[in-house]
Amino acid sequence: MEISVIGAGSWGTVLSRILADNGHSVTLWARSREKAEAMQASRRNGDYLPDMVLPASITVTNDLALAAKRASVLVFVVPSKGMKHVAQALRNYTDARDRILLSCTKGFEMATHALMTDVLAGVFPEAKAIAALSGPNLARELALRQPAATVIACKVPEAALLLQQVFINWYFRPYTSTDVIGVQLGGCVKNCYALVSGMMAGIGMGENCEAGLITRGLAEITRLGLAMGAQRETFSGLACIGDLIATCGSPLSRNRTAGVALASGKNAAEICGSTKMVIEGIDVARVVHSLALQYHVEMPILEELYRVLYEGKRIQDALQDAMTRKGTKE
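First residue of the sequence shown: 1, per our numbering; consecutive thereafter.
Read the hints as simulated data drawn from the structure, not as lab findings. Remember, it's a predicted structure, so these values are computed and weren't measured experimentally. It is possible that part of the hints are untrue.
To be verified - Taking lysine to aspartate or glutamate and the EDC-like style, the derived pairs with C-alpha atoms no more than 20 Å apart in a straight line are:
| id | residue 1 | residue 2 |
| --- | --- | --- |
| 1 | K128 | D118 |
| 2 | K69 | D51 |
| 3 | K128 | D95 |
| 4 | K128 | E141 |
| 5 | K69 | E109 |
| 6 | K69 | E2 |
| 7 | K155 | E233 |
| 8 | K81 | D51 |
Claimed, not checked - Label-pair ranges, simulated between beta-carbon atoms:
| id | residue 1 | residue 2 | range |
| --- | --- | --- | --- |
| 9 | R33 | M110 | 19 to 29 Å |
| 10 | D321 | L293 | 13 to 23 Å |
| 11 | D98 | D321 | 49 to 59 Å |
| 12 | Y295 | R97 | 29 to 39 Å |
| 13 | T176 | K266 | 12 to 22 Å |
| 14 | G327 | R97 | 49 to 59 Å |
| 15 | M323 | P55 | 44 to 54 Å |
| 16 | N208 | R314 | 40 to 50 Å |
| 17 | E233 | G273 | 36 to 46 Å |
| 18 | A111 | G327 | 49 to 59 Å |
| 19 | R314 | R70 | 48 to 58 Å |
| 20 | T176 | R43 | 46 to 56 Å |
| 21 | T112 | K155 | 15 to 25 Å |
Each residue gets a CB set at the ideal place from its N, CA and C atoms; glycine is no exception.
Go ahead and model the full structure; you've got the sequences and the hints to work with.
So this is what it looks like as structure tokens:
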């Protein structure tokens, strides 16, 4: 198939290579012309994955018209804050009537709190189908072709099955779902708990704390998801508990790494300014805090994270207050 991947960060680059490994002809769009030309010439993404070689079947370009021209599947892997802008620019070259759109971005639109599939639906209401891919997928491990699983969610089951066949191979295994809300929510909100995981590691907490954080974090995400219309079983699968385990526990997780940096005394602005990677959990915490209030959902760990990030509360005080709340049942 002809497939275009919109976004040439680490995740977009890895997804392009997965698709190329499966025999597809891939166009990879980069925002910067200089970056696109450098990647096309060197066959490497020097900013993120300098050791991974791009197959010849991947064309890297800065030309959105070229990316939209022949692709039957458009894979969006741009940061959440830029999703609407890029989608609107792409609309100048396609109406998407005969195309499947796949979001692989984990985040919310800050102004509206919309999930990425809703952002795409607002720009391309006539699209054949709009889907989301999310799971415990650390880009650097997949760059080494280490086995991983993920979830592709779509309200059109036939589109989910087609995308599953497009991506599945010996080291990347997608499962299908119809729970577009739950799959995206798990991928968005787990980054908040990865920040907390890094903070706890940074102040010397151990495995008991980590296990409690993941388990109770899962309970909080599930409560919010059910209030927003998601399916309960989604949260015990790859897109939530699976992603929580990987993101909270891995040194490759940029949100966990950011949490460690926060514990060392750096502030959010310093951390975000020191890397080209997007630390989604910092902005997402603000959105989820607002959603919890909107849906009247109790999320005490998330509440303490919000206070640390946006009200200047000490991490040690936040931990103490979370641990000494009134006892309740599991």
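Evaluated hints:
no.	hint	verdict
1	K128 - D118	holds, 14 Å
2	K69 - D51	violated, 30 Å
3	K128 - D95	holds, 10 Å
4	K128 - E141	violated, 32 Å
5	K69 - E109	violated, 27 Å
6	K69 - E2	holds, 10 Å
7	K155 - E233	holds, 16 Å
8	K81 - D51	violated, 28 Å
9	R33 - M110: 19 to 29 Å	holds, 27 Å
10	D321 - L293: 13 to 23 Å	holds, 18 Å
11	D98 - D321: 49 to 59 Å	holds, 54 Å
12	Y295 - R97: 29 to 39 Å	holds, 35 Å
13	T176 - K266: 12 to 22 Å	violated, 40 Å
14	G327 - R97: 49 to 59 Å	holds, 56 Å
15	M323 - P55: 44 to 54 Å	holds, 50 Å
16	N208 - R314: 40 to 50 Å	violated, 21 Å
17	E233 - G273: 36 to 46 Å	holds, 40 Å
18	A111 - G327: 49 to 59 Å	violated, 39 Å
19	R314 - R70: 48 to 58 Å	holds, 55 Å
20	T176 - R43: 46 to 56 Å	violated, 32 Å
21	T112 - K155: 15 to 25 Å	holds, 20 Å
When each numbered hint is compared with the structure, violations occur for hints 2, 4, 5, 8, 13, 16, 18 and 20.
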